[in-house]
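**Q** Using the sequences and the hints given, assemble the complete structure.
Each chain, letter by letter, is given below.
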Amino acid sequence: MKKTVMFIPALLLNVFLFAGGTKETPATGSKANTQKTIKIGIAKIVTHPALDEVERGTVDYIKQAGFNPVYDMQNANGDVNTAAQIASQYKQEKVDVAVAIATPIAIAFANSIKNIPVVFGTVTDPIGAGLVSTYDHGEGNVTGMCDANPTEQQITLFREITGIKTLGYIYTSKEASSVSTLKQIEAVCTKLGLKLEVQTIQSSSEVKQAAETMVNRCDGIYLSTDNTLFSALPALVDVFNRAKKPIFSIDLTTAKNGGCFMAHGFNWYKTGLATGEVVVRILKGEKPAQIPVRFMTKNDDFELLFDLDQAKSCGITIPQKYLDQANYLIENRKLTTKK
Amino acid sequence: MIQGILIEGLIYGIMVLGVFMEFRILNFCDMTVDGSFPMGACILAACLTAGLPPLFALLLAFAGGLIAGVITSLIYTRLRIPDLLAGILTMTMLYSVNLRIMSNKANVSFLKIPTVFSGITKYMETAVPQISSDWGLVLFLILTVAVLKGILDLFFHTDFGLTMGALGANEQMVVSQGVNPQTVRMIGICLGNGLAALSGAFAAMYNGFADVGSGTGVVVSGLASLMLGEFVLRSNHIGLQTLRVLIGSAIYRGLMFFGRSYGYKVGLTSNDLKLITGLLIILCLALSNVNLFTFIKEHTTRPPKSGCCKTGAGDVS
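As they're listed, the protein sequences go chains U and G.
For our numbering, add 304 to where a residue sits in the first sequence, where the first one is 1.
For our numbering, add 10 to where a residue sits in the second sequence, where the first one is 1.
Chain U stretches covered by chain G per the calculated footprint, using a threshold of three residues with CB under 8 angstroms from any CB of chain G:
| no. | region |
| --- | --- |
| 1 | 365-379 |
| 2 | 384-394 |
| 3 | 402-413 |
| 4 | 425-436 |
| 5 | 474-481 |
Here are the simulated DSS-like cross-link-like pairs (lysine-lysine), alpha carbons at most 25 angstroms apart as the crow flies:
| no. | chain 1 | residue 1 | chain 2 | residue 2 |
| --- | --- | --- | --- | --- |
| 6 | U | Lys340 | G | Lys275 |
| 7 | U | Lys398 | U | Lys588 |
| 8 | U | Lys398 | G | Lys132 |
| 9 | U | Lys642 | U | Lys602 |
| 10 | G | Lys132 | U | Lys418 |
| 11 | G | Lys122 | U | Lys591 |
| 12 | U | Lys343 | G | Lys275 |
| 13 | U | Lys642 | U | Lys625 |
| 14 | U | Lys487 | G | Lys122 |
| 15 | U | Lys398 | G | Lys275 |
| 16 | U | Lys367 | U | Lys574 |
| 17 | U | Lys638 | U | Lys616 |
| 18 | G | Lys122 | U | Lys418 |
| 19 | U | Lys602 | U | Lys625 |
Hints were generated in silico from the structure; no laboratory data involved.
Note that beta-carbon positions come from the ideal geometry of N, C-alpha and C, so glycine has one too.
**A** Written as structure tokens, this is what we have:
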């Protein structure tokens, strides 16, 4: 990856030299700006299917917009202490835009990078993390994309279809986004008159145990953005399927494997595109302080999935209007894409 | 980049000083550091969000580390649980404690809260805008770490410090001097963890957040730094030994920076960094001729009932 991206500017440089140095370089993108090589740093907290998709989406959007930058992809390997190290490397390399995927990286970047635009991607609570003071515009050199799920809408939908009275929620105590989602869920449950049961885990090896404890205490479980939990999803699915209780997941990618009664959430690739959108606005000359925090609000940002096998086993009838809205249906263990 | 290496080298150097006290001076394999390091960060976060002055917060963080040390040494001496396991137990318990300290939040951001570091950065930006504000941090850390190192060196020259030095090498000698080795060891473990917690608090200020997950791999990085230092500078003099701890820490951070920045030239990505770290430690161990089997055996056997040689065969009941 690194080698290929380093190769492109080298190639362009060669073309430039051989063309005599006066003509404009023929570029791959039509509007490509090749007078000055743009350098973009993208750092994520850990290698993870969802975060990799975000990274891919960001890169693709920038490419589609006609830019052809050099990338410095970094990865903190799950060790939050290295976030500051990556920030200082980007400062030294003088990247044009530093993209931070996940909250700890975003905070470390905002903390130490002061004169390079910082774009955060997939931060669930940017105000709580102190990255911005308002969603209307960025703050100083920082702006980005918020991946908060419409919790209220999702839980209302889940209750409407399944008729649950007690909602279960399992989350990892060391993931900031899950902790901030808990507060929203608590508020929504009080509003809807649902009882809430909560279990916390510390590592993916505890998921099975937490699920076993949870399954008898709730009618259905809500899974929010939680990297640790999703890496052990099969364990939870197994427990809930045997107990014939529905699972609501916000992650489409894992839900496509079957086992989750329903899934409603955004495609991680599209959140990457949204992050890329913010980056491109900066590359085109806008100041981060003027760019509002991008939310996933468009209807086509979201996808809906139903597992009809699970619906049958849980004895739930899904209203036809929701079935019509679904992007994916799983029937007899086979996934069909409708839209 | 050089500022980054120096800042990180010094911040984590404080933790490596703690690791040095426990692993080298006391010959005590203490994994508590993986828990006391984030504990320092968490205490700092809790204090700062409560509006306490930053310096007081740092002192409390140090005190928190001391308490963690007391727990580990009590588990070791009173319950006679092997040092490696005692440390792992405290570290595990500290995870929950740390979450409580931060009111069950996983990550507390300091972007809107003034810290010692953000104060220095702001001052540097207004007073000397032509120099990178990082140099202000470097200067502050050099002064802080120099004071800490000075105090430690003085401590090791006192009678008590010398006894502590003797304890790791020959426990029987300490006993025959009429000193209770358990007390000496406890104080050493406390200081080591206090230093780790202080280092965690500094790291949190530098990162801009406190995170409960920040303790992962801290002991390993500390040991690697320690061994790199020992590899570079061979000496029996305590002043040089503490100095080489700091040098080792800077080298370790420098290597990490280097791997991250230039690793791609030999086809290494940032995903391979952990492998490099591991290989580095193995290399250092191999070069410094540590016998791995005796090392593991020594730290997984039950400690003696009271005041006997740790490694002495036969007197372990």
